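Q: These are the residues of each chain, in order.
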Amino acid sequence: MVSLQDVSTFIVPGQLCALPQNEVDSCSVSEYYPEINLNCEMFSTSVSGHANDTYRNVMIPVNEGVIKRIVRTFFESGFMEALNEARDQETATVSPLICATAKYTCEMLEFVKRLKTKIFPHMREVSVNNVAEFSETRDWMRSYIRCIVWHPNCFKIAVAGSDDIVRIYTDEPAMVPVLKSGSQKWITSMAWRPLTAAELAVGCQKGVCLWTMDTNMHITRSATQAVFLKHPGHCPITSVQWSPSGTLLATASISDTDILIWDVDKLQNTPLRRVGSPCSLLKWSPDGAYLLSATVGSVFRVWSADKKWTPERWTIKCGVVQSACWSPCGNFLLFVTTGDSILYRLHFQDETVFTSGTSTKEALKIADLTKFNAGRREVGGKPQALAWDADGRYLAVIFKDTPCIALFNTCLKKFDMTISPLCFLTGLSTEYPSYICFQSKNRRNKETVLTIGWSSGRIEYFPFGNM
Amino acid sequence: MSLIVECKKLCLRRCMLALSYSIAMQYLLLGFFLFFVNFHVLHPLNWISGTISVLFSFYTWFSILPLIGSVVLYTILLGKSFLAVKRYYPTRFQWFIYTAPRKALFFTLHLLVGYLTAWLYTSFLHVDYRNIVCECFGTKCINSRYLFLICVGFFAACLHFTRENLHTDPELEFPIIQELMLIRIRSLIYRTLYNSLLKSFTPTICFALAYWLIGGIINRYFAVVFALDVDETALSFISIAVNLRLLFYGWILAAQILSNMHLMHCFFAIHLSEEVAFIIERKPVLCGTGIEEITLVDALNSSFVPVVQNLGARDLYNLSSNKMDARRKEIFALSVPGAHPYNWNQLSSQCLSLINAFTDELAASLKKISVVKTAPLFSTIKPTTATEAAEKILLRQYNETYGIRRMMTETSQENTETVKKMSPACKRIHDQVEKIKKQIEQTLRAAFRTIPGLYYMFGEPEGAKTAYLLSNSETILWIVQGLASVCTASLTEDKYGVVQVTLPQVIKSLLTLKTELDKLNNVNLNGKKMDRNFIALKNGVKRSLYNICTVFSDYLREIVDNPEDLRKLQCYVHYVET
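Going down the list, the sequences are from chains A and B. The letter at position 130 of the first sequence is residue 130 when you use UniProt numbering, and the numbering goes up by one with no holes. The letter at position 123 of the second sequence is residue 123 when you use UniProt numbering, and the numbering goes up by one with no holes.
These are computed hints drawn from the structure, not numbers from a lab. This one's a predicted model, so the numbers in the text were calculated from it and none came from an experiment. Not one of these hints is a red herring.
Computed cross-link-like contacts, DSSO-like style, restricted to lysine-lysine with a CA-CA straight-line distance of at most 27 Å:
1) A:LYS308 to B:LYS329
2) B:LYS8 to A:LYS308
3) B:LYS323 to A:LYS308
4) B:LYS86 to A:LYS266
5) A:LYS441 to B:LYS323
Required output: the full structure, derived from the provided sequences and hints.
A: Rendered as C-alpha cells:
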C-alpha cells in the first residue's frame, strides 16, 4: 500500500486510489431549490430518546398521597414508571414499606431480565444507542438532520429531523407539508416509493410509518393517512428500501435476524430468513436484481431477486459494514466497514465466459481513505457513509471524525470501474456533514447535485455542473 | 384442445408432487409423534432406537395404509378445489346450494382423516390407551380414554374444517417473493409444527371440559353398541383433569391433525404457485420437440385453468422486470419469414383483451352500486351542435334522392306513439294498472328487505359482484404491470418499434381501467371500507401508468391523440396524480 502523502491525483494501475487533495468552494444552484435549515425550523429541541419526562417540567407539582401518585403514574406512564415512582426518595420518607416492596420487585425484574438476556442473547433489548451505532447518519443522536431522501422521479425532498418530524420540500417554497405522528420516533431511514406521486416509508422505533400524501393538500399532519406496518419483534427499524418497481418494501431491524419483504398494498409480509446476526442495513440495487443486507456481525449477504432469492454470503475480517451503495447499472457494489479506512468494491455480473469454478470471489480494495492533513484541513479516516450519483460519475464519502466530504470521479465500464480523487468539500466554520445523498434524475433537473445535511441543521446543494 | 390438456398436465404433475409430499409427511409426523410420546429421560438411547424401530417396522407400514388412502382422497378433493374456476354466487342461498354438497363431502373426508389419524396414533400409545375395551373391576368395560382420543381426532378435524374451509374455499395464494421450494417447504414445516402446538392447546382444554360434560353419553352409547360396561370413575372431572398424560396425548394428537391438514393445504399452494418460465414462441414443427409446450400467450389465454393463467401473468411480469431476460428480445423480434411482429401482436392483443374484458365487467358491476350510480358529476347528454344537425339534414336529403329507405325502426319514438294512440279510457286503465303494479313491486321489495333473513339469504348484496371481481383481479394486476414494463423496456430494446403501434391502445386501456377504479374510491364493498384487492389493483395500475409516462414523457404527444387522455397523462408526467 502506498502512503497517502506521495500519491498524486493520477492513478497508477494496481494501486489504490487516494483521497482528493484540493478543496473547492460551494457553488450556487438554481433558485427553485428550497432553502432548508432545520436549526431554525425545529419545533421542539428535545432530542427523542433523551429524557422524555418533559411534561413534568411544565406541570406544577401538587400535593397528593403516595398511593394516589403511584396509581396516577401507572395510568399515565405505565408499570415501570409507577415502580420508579414508588422507589423514589419522597415515597421512602412517607411509606418505607411501599418503597422497600418496590425496590425488591424492581430487583427481581432486573434479575429476570438479566437471566433472559443470558438465555436468549438475541432477544436483548435494543436501545437508542444501538440504533445510533448502526445508522449511516453521523452522530445520529444529536444531529439535527437524521435522514434526507430525494424522490426518485420528481423534485421532492423529505428531511427527517431529530424532532421526529418529516418535512417535505418541493420547488414551491411556500408549501412545506410536515408528517408527524405520535408513534413516529427514532427515524433512522426513509424511502420514497418509486413510481408514485407521494408515498413515503419511514422506518422508526415501532415499525414502518407509511405515508400517502395527497399532492393537492398542503398540510399533512393527521395520522389517519399513515399506515403503520408492524411485525412482532421487528423493531426498531434501521433500514427501509423499496424495490425499484415500487411493488415490494424491504425492512431490517437490528433486533431481528429476518429481513421482511412487504407487499404493502395487501399489508402482508414474508421473511427472508437465515441463521446469524440481526440485519442492520439494506440496499436494493437500482435494477432490482440484488438486495444487499448487512448484519451487525461480520457477515453480509447479497440476495439475487432474479434467482429465487438465493443469497451470496460474504464475511469481512473486522468490523461491520458501515455503508454501501450500488452503481446505477447494478453491477458494482461499493462498501466501507467500521474496521478499516478502505473502500471496497464487489462486482456482480454473470460472466459466463470468464468464470472458472475454482476461483473464489473477493472484494477488491479500490481506495485508501486513511486520514491525512491537507493544509489546515483533516481529510479521511473511518468512513461514515457513501453516496453515488445516478449516472455513476461521482462518489461522495463522509467520515466519522473529520469534517470534510471527499469526492471522487468514477467511471463505469461493463466489466470494470475506475476511481480517481476529485476534491473535498468543507462546511462553514466547525460544521461537519451528518448525511449526504445525491439528487435523483428527474424532469425538473437533469444536473448532478449532491445534497449535504450539515451538523448545524443546514442543507446545502452542491452542483457538479461545472466540475 | 391440446392446450387444455397441456395446462391440465402441468397442474396434474404439480398435484402429484404435492400428493407425494403429503404422503411422506404422514411418516414424518408419525415419527415426530412417536418421539414425543415415547420420551424417556433415563433411557435416551432406548427412546431413540425404540422409536426408530417402531417407525420402520412392517406393522407401522401396514397400518398406516388406511390413513394414506384417506389422505389421497382428501388431496384429490383439495386439488380439485384449487384448480376450479372461481364462481360468482350472487346470493347466499345460491352459494349454499352450490357449495353444500362439496363442503359436506370435504367435511366427511376431514372426519375420516381425523379418525384414521387418531386410530393409527393410539395404536402406538401406552396399553391403557390402545384399545376400546379395558379391564375394570374384573369385567370388560369401555375404555373412555381411548374414546377420548378418538373424539379428539374428530374434534380436531372439525376444528380445522370450521376454521379454514367452512366459509372459504381453498384458495391459491401466491407468495410475495419466490424463494427456492426447498427453503419454502422447510420453513413451512418448522412454522406449522410450532404453531399447531400453540393453536391446539386451548381447544384441547376446552374439549376436555366438554368431554367431562357429555363424555358419559358417548361412553354409554358405545357401551351399549359393543355390549360392554361403563367405568363411571373414569368419566369424573378429576379423573380427566388429573390425567395429564391423557391431556398431553390429546394435545399432541390434535396438533398433529391440525398440522397435517395445514401442511397438505400448503404443499398444494407451494407446488402450484411455483413459477414457470413459459416460452414465447413455439419451435417450428420440423424440429419435432416443443409442440406440446405452453407459450406465454397460451398460458394467459387459459381462463379455464386459472392457476396457469395466473402463472402466465406472473411470468409476464418477471420477464418484463428481470434485467437479463432474453425472452424480451423474442417478444420484440420479427417473424422469419414474413417479418411480422407476430409475438408482440399476439401477446399484446391477448393482454389487452383480458384487461378490457375485466374493465367492462367491472364497469357493468359498478352500475349496480347505488353510491356510484347516483353521483354523476357531469351530465352526459350532449347538446346537438349546429354542424351535426346540418349533417343529418344533408344525409336525409341524400337518402331521399336515391330512394334509400330507413330499415331500422326507431323504437323509442314508436313506443310513445302507441301510448299516444290509446283512447282516454284505455289510457286511464293502463295508468291504473301501471300504478298498482308499481305499488305491489314496492311493497314486495320492502317486505323482502324487512322480513329478517329473507334478504340475507336471497338478496344480492350491493357491491358483491364488484368485490368478487376485485378478489379475482390478481391476474389482471400482474398483466397490467408486466405489459407496462414491457412497453417501457421497448424504448431501449425494441429495435423495430413493434411496440409503438400498440402503445396507444395499452395507454387507453390502462386509463379506462383507472377511471373505473377511481369510481370505487369511496364505496364500501361488502361492508369493508378498505378492500385490499382494490387498493392493490388501483396502485398497480397507477404505478404502471407512471412507469409508461415517466419513460415516454417526451413522446406522449406523438403517441396519444385524445386531448382529454393527454391531459390525464400530463398529471402522471408531473407526478401529481394520486
